[in-house]
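So you can see what is in the structure, the chains are spelled out below.
Protein chains: 2
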Amino acid sequence: MENNTIQQQTEQPAAYVYTPDQLLQNWLGHRRVTRRLIEAFPEDALFNYSIGGMRPFADMAKEIISMSGPGVRGVVTDDWTPIAGLDHHTGKITATTKAELLQLWDNATEVITNYWPQISLQRFQEKVVAFGQYEGLVNSTLQYIVDNEIHHRGQGYVYLRALGIEPPAFYDRS
Amino acid sequence: MENNTIQQQTEQPAAYVYTPDQLLQNWLGHRRVTRRLIEAFPEDALFNYSIGGMRPFADMAKEIISMSGPGVRGVVTDDWTPIAGLDHHTGKITATTKAELLQLWDNATEVITNYWPQISLQRFQEKVVAFGQYEGLVNSTLQYIVDNEIHHRGQGYVYLRALGIEPPAFYDRS
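Chains A and B are the protein sequences, given in the same order. Position one of the first sequence corresponds to residue 6 (the numbering used here), numbered consecutively onward. Position one of the second sequence corresponds to residue 6 (the numbering used here), numbered consecutively onward.
It is worth saying that the hints were derived from the structure and are not from the lab. Keep in mind that the hints are not guaranteed to be accurate.
Computed footprint of chain A on chain B; a stretch qualifies when at least three of its residues, placed anywhere within it, have a C-beta under 8 angstroms from a C-beta of chain A [to be verified]:
#1 52–64
#2 151–159
#3 163–175
Going by beta-carbon spacing under 7 angstroms, a handful of chain B positions derived as facing chain A [to be verified]:
#4 Ala20
#5 Tyr21
#6 Val22
#7 Tyr23
#8 Leu28
#9 Asn31
#10 Leu126
#11 Phe129
#12 Asn144
#13 Gln148
From a predicted model like this one, the values you see are computed outputs, not experimental measurements. C-beta: ideal position from N, C-alpha, C; glycine also.
Hey, can you work out the whole structure from these sequences and the hints?
The structure is reproduced here in structure tokens:
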């Protein structure tokens with residue numbers, strides 16, 4: 006154990022774009038905003054409102070959930086089978102109320118925060134085949150999952166504005 | 006010169022979340038998608054169409070432009086005054102046609118790619134007061150600029166869908 010600690014300290018770079026924890030904290034900040042967006046939707050609109058033939062925001066949130074927790078767990082374990090909250094027959098998340106969706110959201114956050122510290126610095130530069138089909142480096146795989154969340158959340162902002170509801174501030178990550 | 010090269014090699018970490026160039030390439034991929042989104046808008050809709058009282062997508066693109074090139078240049082030079090394409094009286098970007106907007110977009114991309122290699126690895130962990138008012142580490146400042154682009158571009162996707170236009174694929178960064 007002591008040997009491991011010493012080895013890790015030696016391997017820590019003196020300068021770096023990100024520490025793993027900085028990248029995680031940025032993501033968790035975004036997840037707090039996205040959670041507030043889910044909360045801001047009226048229940049019916051969350052599951053039924055859409056613009057231009059797009060999906061309701063609940064479906065986007067389910068996609069984000071299905072990629073986030075399982076994505077981080079997959080990076081650590083190389084096990085890409087779906088986890089809790091996913092319907093094992095269809096691979097799809099089942100949630101029909103806002104409370105259920107928020108519960109699955111919080112479960113995913115717990116999976117992320119539990120598994121993330123197990124991603125070694127070396128791991129970020131290794132190749133993975135995410136979800137059994139998307140080949141890329143670990144850093145770009147994780148970034149894709151975060152960017153996809155920001156992308157769909159931006160769409161949710163338009164839904165809320167169209168519904169006459171003030172969305173949470175983009176810059177407030179607290 | 007040879008000494009510098011040796012020193013840089015010594016300072017390079019053996020493992021890292023991102024190399025500076027990986028972070029840049031991820032951003033440039035996003036910028037190609039955003040540029041395709043600008044192109045996909047009919048000229049009139051680009052400057053006038055909106056949903057729920059939000060800004061037309063041209064105004065969002067102008068915001069992205071005003072943060073991107075000047076942001077990277079500011080990180081390198083600590084000079085946060087507006088640059089080419091900004092109206093020096095109002096601090097706002099002036100572009101009234103799609104062609105003008107795309108030209109300013111490309112100018113910003115050039116500023117980013119020219120200045121980015123001058124950001125040292127150490128610099129990413131230093132504090133800055135971006136645009137003279139936003140205090141944060143360089144990495145989170147640059148990430149905010151990229152995330153803000155993804156956020157508003159996601160909104161532009163809804164505008165396009167509402168206009169009956171198929172937006173460019175989010176996952177295609179080529």
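Comparing the hints with the structure gives:
no.: 1; hint: 52–64; in the structure: holds (count 4)
no.: 2; hint: 151–159; in the structure: holds (count 7)
no.: 3; hint: 163–175; in the structure: holds (count 8)
no.: 4; hint: Ala20; in the structure: 4 angstroms, holds
no.: 5; hint: Tyr21; in the structure: 5 angstroms, holds
no.: 6; hint: Val22; in the structure: 4 angstroms, holds
no.: 7; hint: Tyr23; in the structure: 4 angstroms, holds
no.: 8; hint: Leu28; in the structure: 6 angstroms, holds
no.: 9; hint: Asn31; in the structure: 6 angstroms, holds
no.: 10; hint: Leu126; in the structure: 4 angstroms, holds
no.: 11; hint: Phe129; in the structure: 5 angstroms, holds
no.: 12; hint: Asn144; in the structure: 6 angstroms, holds
no.: 13; hint: Gln148; in the structure: 6 angstroms, holds
Of the numbered hints given earlier, the model fails none.
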